[in-house]
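There are 2 protein chains.
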Amino acid sequence: MQKRFTKINDSINAIDGLKCWGIKEGKNGLGIVKCEGKVSGVFTTNRIKAAPVLITAKHVRKGRFKGLVVNSGNANAFTGEKGIENAKRMAEILASKLSCKPDEIAVCSTGVIGRQLEMEWIESKIEEVFVKLENSRQAAKNFAKAITTTDRFLKEYAVEVDSAVIAGVAKGAGMIAPSMRSATMLAFLFTDANLDKTEMDELLADAVERSFNVATVDGDTSTNDTVLLVSTGKKKVGKELFGKALTEVCFQLAKMIVKDGEGATKVFEVQVRNAKDDRDAFKAAKAVANSLLVKTAIFGCDANWGRVIAALGYSGIELTENISLWFENGAEKVCLIDKGEPTGCEDEASEFLRENDDFKIIIDLHTGDGEGYAMGCDLTYDYVKLNAEYTT
Amino acid sequence: MQKRFTKINDSINAIDGLKCWGIKEGKNGLGIVKCEGKVSGVFTTNRIKAAPVLITAKHVRKGRFKGLVVNSGNANAFTGEKGIENAKRMAEILASKLSCKPDEIAVCSTGVIGRQLEMEWIESKIEEVFVKLENSRQAAKNFAKAITTTDRFLKEYAVEVDSAVIAGVAKGAGMIAPSMRSATMLAFLFTDANLDKTEMDELLADAVERSFNVATVDGDTSTNDTVLLVSTGKKKVGKELFGKALTEVCFQLAKMIVKDGEGATKVFEVQVRNAKDDRDAFKAAKAVANSLLVKTAIFGCDANWGRVIAALGYSGIELTENISLWFENGAEKVCLIDKGEPTGCEDEASEFLRENDDFKIIIDLHTGDGEGYAMGCDLTYDYVKLNAEYTT
Chain A
0 MQKRFTKIND SINAIDGLKC WGIKEGKNGL GIVKCEGKVS GVFTTNRIKA
50 APVLITAKHV RKGRFKGLVV NSGNANAFTG EKGIENAKRM AEILASKLSC
100 KPDEIAVCST GVIGRQLEME WIESKIEEVF VKLENSRQAA KNFAKAITTT
150 DRFLKEYAVE VDSAVIAGVA KGAGMIAPSM RSATMLAFLF TDANLDKTEM
200 DELLADAVER SFNVATVDGD TSTNDTVLLV STGKKKVGKE LFGKALTEVC
250 FQLAKMIVKD GEGATKVFEV QVRNAKDDRD AFKAAKAVAN SLLVKTAIFG
300 CDANWGRVIA ALGYSGIELT ENISLWFENG AEKVCLIDKG EPTGCEDEAS
350 EFLRENDDFK IIIDLHTGDG EGYAMGCDLT YDYVKLNAEY TT
Chain B
0 MQKRFTKIND SINAIDGLKC WGIKEGKNGL GIVKCEGKVS GVFTTNRIKA
50 APVLITAKHV RKGRFKGLVV NSGNANAFTG EKGIENAKRM AEILASKLSC
100 KPDEIAVCST GVIGRQLEME WIESKIEEVF VKLENSRQAA KNFAKAITTT
150 DRFLKEYAVE VDSAVIAGVA KGAGMIAPSM RSATMLAFLF TDANLDKTEM
200 DELLADAVER SFNVATVDGD TSTNDTVLLV STGKKKVGKE LFGKALTEVC
250 FQLAKMIVKD GEGATKVFEV QVRNAKDDRD AFKAAKAVAN SLLVKTAIFG
300 CDANWGRVIA ALGYSGIELT ENISLWFENG AEKVCLIDKG EPTGCEDEAS
350 EFLRENDDFK IIIDLHTGDG EGYAMGCDLT YDYVKLNAEY TT
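Protein chains in written order, with numbering that gives the first Met the number 0: chain A, 0 to 391; chain B, 0 to 391.
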């Protein structure tokens, strides 16, 4: 029988030896995690990389981790030499408190682009947070809260796998479309599993590909996106099983981020089946999940499947009109196109949309055996409101 | 001295021998143009092509044109064999009235995807419109109105070039982002200039590339997009001058379509200068013009230039932080970044945005001599409203 992993109602405090804390004051926040172990990271592919990304990527390559400091409210991006100095300074301050080297510290920032950090505030808050570091559920919650910007809810997820734990905390909202991704996504994963650095790098890259990257389009990342995996290395776990559990934690966090899409009221998964190959399936699923017309139709509970077809058409994949398309949740299924024939069930499907805020759009292309999926959310009035009024 | 072309306050009725008419009843419309000449066409690259696109592309390859029939309200797309039959039937009905071959007729449709045409209505309206065909300004307006869907205003533009005329009429709204392009764009250009079919094909492809295609992203076209150029061949014009004038007519029509972006209140041109090459400049300009965060910031009159920087960063081009960025209109200029240094003029720039609804965002990358531009409009509450409620 296959060994599995199970969700636990805990967060990063489930990691033995980890301590954390965070504070949030208006739009600004600061959080610290203290934890000793190995570290892997995946960073934004945006050509304009924020100062903390440049610094942390360098530190993570060395592989040793002692602590993490994150500020929200200011991205420290497009801030030139002074930005680099400030990011280094954040690492130095925490390193001196932890009596470790600065390159054992990770630094992350999220918020408005193009403004210098207020280092006095940062320094005083590191001081304030540091003395409160502890291992408790409340401490984990405070950290999760401290790193948020436009997030409407905290994003935490943890699983038990064998005797080990993987726990993650993330921030991010508004990955509504390719060009949306200026809203930074940060995710911090901690585990007590024993893995070597090469395994960690490989498993993290794979998990990110199957989770955060299906909630967006390749390469369209913000200046600050960062995912870190820290392992304290105390427990033994099989590599394959660990990889599956890690992917599950990342997937659930990514789904929370999509669900918290700015102004979103509905989250949906697009599954494409029987495409020419997996690559086509993936492209098709992303095109549908990112279509503004599909997103607004779903907000309006309008089963306008023509917009799905148009998105498939411009996705660039191989395609015939022999398409099947249906909506489903765990219990119910409404078919809109059956092997190229419209079923005329628009009313039933619109009813389904009114009743469900988390569902799947399944598309069968009947051309091969490729499979792929993507996640999306609806586009609403509140999305426009939030983004028209963000900095002012 | 260079010979130029001048805008005239006329429309397709300026073409000698051309007759047209159109009617609009609620969401449905039907328009006919009668005109004899050569024809070139550019069609959607969407893999799912509407029946009228398949039929008209075939007819246009033969190069002879006698008439055009367009219906709005139903796209006749994803309608299988019956859709093809209906598109053919539309051509046949008009051909029999014009005593010509069906392959001398162009057929276009725009509207909802996935529903069969109501051919009884189409037949009776062809009848009704045909008897009213005439050469007048009012007839041209009625045709322009008949082909609209969510358009808020008619799109007509004409120039005189030497002794010849180029006149265009278009429909389309809502090219707000890549995935937006399910809103069909139709443009019909008529001229009395004397050109051979090869020249027409070349000049039309070039003009479309520099106009309609800078208002969107390559390949993200609707199932029905069609641009036709018909030449009656009575007047002599130099090829180069004609090409410039044709591009101008297409550019102005494209700008009207962007200005009529669903719910849009502002239209802007993004000009990228001194990129590595033209291709990079074009990519960068499109990424900025299509960024939802840039669009919502402009709607909110918020000079949040960090979003422009983020879009440049994920556009995939070569880039340093040595960027200059300013807004300008004919009279005024507000600089936000000067060679990598933020100027701190956000308040002045926000004021500029409040006072201008048609302006340029200029980006100088200081890395080469590539130039490119794109057009965009803001993203508003009304965009969401229009698209959430379109079919219901």
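A portion of the hints provided could be inaccurate.
Same chains, same label: a pair holds when it works inside one copy or across any pair of copies.
Said to hold, decoys possible - Pairs of lysine-lysine, DSSO-like flavour, derived with a Cα cap of 30 Å:
#: 1; residue 1: LYS265; residue 2: LYS131
#: 2; residue 1: LYS243; residue 2: LYS87
#: 3; residue 1: LYS359; residue 2: LYS234
#: 4; residue 1: LYS144; residue 2: LYS384
#: 5; residue 1: LYS87; residue 2: LYS234
#: 6; residue 1: LYS359; residue 2: LYS37
#: 7; residue 1: LYS233; residue 2: LYS359
#: 8; residue 1: LYS238; residue 2: LYS87
#: 9; residue 1: LYS6; residue 2: LYS384
#: 10; residue 1: LYS338; residue 2: LYS100
#: 11; residue 1: LYS81; residue 2: LYS275
#: 12; residue 1: LYS61; residue 2: LYS265
#: 13; residue 1: LYS384; residue 2: LYS96
#: 14; residue 1: LYS338; residue 2: LYS140
#: 15; residue 1: LYS23; residue 2: LYS359
#: 16; residue 1: LYS233; residue 2: LYS100
#: 17; residue 1: LYS254; residue 2: LYS100
#: 18; residue 1: LYS359; residue 2: LYS96
#: 19; residue 1: LYS131; residue 2: LYS238
#: 20; residue 1: LYS258; residue 2: LYS384
#: 21; residue 1: LYS81; residue 2: LYS338
#: 22; residue 1: LYS233; residue 2: LYS23
#: 23; residue 1: LYS332; residue 2: LYS384
#: 24; residue 1: LYS81; residue 2: LYS332
#: 25; residue 1: LYS87; residue 2: LYS384
#: 26; residue 1: LYS265; residue 2: LYS384
In case anyone wonders, no lab produced these hints; they're calculated from the structure. Remember, predicted model here, so these are calculated numbers, not experimental data.
Checklist entry - Which numbered conditions among the earlier hints are violated in the structure presented, ordered from lowest to highest? => result Result: hints 1, 2, 3, 5, 6, 7, 8, 9, 10, 12, 13, 14, 15, 17, 18, 19, 22 and 25 break, sorted rising.
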